[in-house]
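Novice: Using the hints provided, position chain B relative to the given structure of chain U.
There are 2 protein chains.
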Amino acid sequence: MKTITSRDNAQYKDLVKLAGSAQARRKSGRTLLDGVHLCQSYLQLRGAPEQCIVGETALHNREVMEIVGALQAQHAHVLALPDALYNAISQVEHGVGVMFLIPTPERVVTEPLKVSAVLLDGVQDPGNVGSILRSAAAAGITQVYCSAGTAFCWSPKVLRAAMGAHFVLDIFENVDLPALVSNSQVLSLATSGYATQRLYDVNLRQPVAWLFGHEGQGVAHDLLALASHQVVIPHAGQVESLNVAACAAVCFFEQLRQNQG
Amino acid sequence: MKTITSRDNAQYKDLVKLAGSAQARRKSGRTLLDGVHLCQSYLQLRGAPEQCIVGETALHNREVMEIVGALQAQHAHVLALPDALYNAISQVEHGVGVMFLIPTPERVVTEPLKVSAVLLDGVQDPGNVGSILRSAAAAGITQVYCSAGTAFCWSPKVLRAAMGAHFVLDIFENVDLPALVSNSQVLSLATSGYATQRLYDVNLRQPVAWLFGHEGQGVAHDLLALASHQVVIPHAGQVESLNVAACAAVCFFEQLRQNQG
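Residue numbers (UniProt numbering), protein chains in the order written: chain U, 1 to 261; chain B, 1 to 261.
These aren't lab readings, by the way, just hints derived from the structure by calculation.
A quick note: this is a predicted structure, and the numbers were derived from the prediction, not measured.
One or more hints might be untrue.
[Said to hold, decoys possible] As a list, the in silico EDC-like pairs of lysine to aspartate or glutamate whose alpha-carbon atoms are at most 20 Å apart:
#1 B/157 with B/173
#2 U/13 with U/83
#3 U/157 with B/215
#4 B/157 with U/215
#5 U/114 with U/170
#6 U/17 with U/93
#7 U/157 with B/125
#8 U/17 with U/50
#9 U/27 with U/106
#10 B/157 with U/125
#11 U/27 with U/50
[As the list claims (entries may be wrong)] If we take Cβ atoms under 10 Å as the criterion, some of the chain U residues that face chain B in the derived model are:
#12 19
#13 29
#14 45
#15 127
#16 128
#17 136
#18 164
#19 168
#20 199
#21 240
#22 252
#23 253
#24 256
No residue lacks a Cβ here, since even glycine has one placed at the ideal position from N, Cα and C.
Chain U on its own, in the form it takes in the complex:
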């Protein structure tokens, strides 16, 4: 285990930059996972991180000790920081004091869609994107494709909301969704309040590319026109729309219900 005690240390300064700037994270192709749950999930599903960073006090926490122990057995890099230095780079208030520095995979689309997938067109809110990733992973959907206008999936807020879903998903960002949908070998479904076909009346016992859009404007018109089906989730109240993440959950689990039924 290495210890840094000076704020002027070059490696520490890099961490400060990474913690504070979305641009720095994108540029370096790395991000920070903050908190025990995310670190445990990563370790279990993806193995050792590039580096594990712990606060001094956290070294006495049982869960953190287990993580650090497992990493040291694998000769992985562990960096200990005085609490003041640790807290300056942590985004979690009252967190336990453990972070992983990990590479953010950059995937390039090379094949047409052949299995169920989630396509996000300009979904803005990191909490919504995270919740959608979490629901997809829970429903067994593993492919996620995001347009350039969608929130960056590896931001701390999306990571927190997704609760580890990232590590079982293949996430593609900055994707040309119209091209992807045009070449898709599976059904592409978008929900729309104007559609007449009910979600429940589509045969979902087959792979589906689920298309969700911007919180206010929905899926872009030209993209919507390319979808093979537009479906409506029937409503009963005076309120006519659902939050996009709630809508996605209803769709994914309707597909799962039909498949398990």
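Specialist: Relative to the frame of chain U, chain B by itself:
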């Protein structure tokens, strides 16, 4: 229309307090709706607010003009503020510049549950609470009961996330949920990863009290034990849990699907 131009005006100072402090809002039993969509919804569903507050520039916006016109026809109170004063009390960045000051209804439980309802036990995140209210309203469920530990429903964040759902719902706060569930005349259902009965195998063609709990710990054990059913939403992936608002959406719309099926 009244205009205030001084920051020292007593009425303006009250608005500043209300905008900045959750405690002030609770104490005065009033809150602020910020933005065109919320104000339009309120006007349509509940009528005139206690007061409408507009920024000077917003008076030239077509949608704001329509709202102000409708209110003036009803002799309702409209207050115009210079943009600088308006922006100091607005919580919406780059908003259009219209707010309603409204009373927050305090409802007291006097009857046992007889119709479908949502029961929130310590749901912390305002975005989750708002999304659940929105989904409930869309599914035609109009009764909402919150424990003391649940996020305050009339906070700006919950109001924004619920997109006007509040105005079609009867919301009860600080409710003794164990007493409510014990006396319920309808099924009470809680989701749990440990349950064996599937959501889809329960007959939901009847009123249901849906019980959802804290994001981390779920429904409190003593309350969970009082529920008439514990059900599981079957999963397919390695990720075993859903965001509470996603979970609620799946439940409400499964009930609606069964009722419409």
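Novice: Output the numbers, in ascending order, of every earlier hint that fails for this structure.
Specialist: Hints 12, 13 are the ones this structure does not satisfy, whereas the remaining hints hold.
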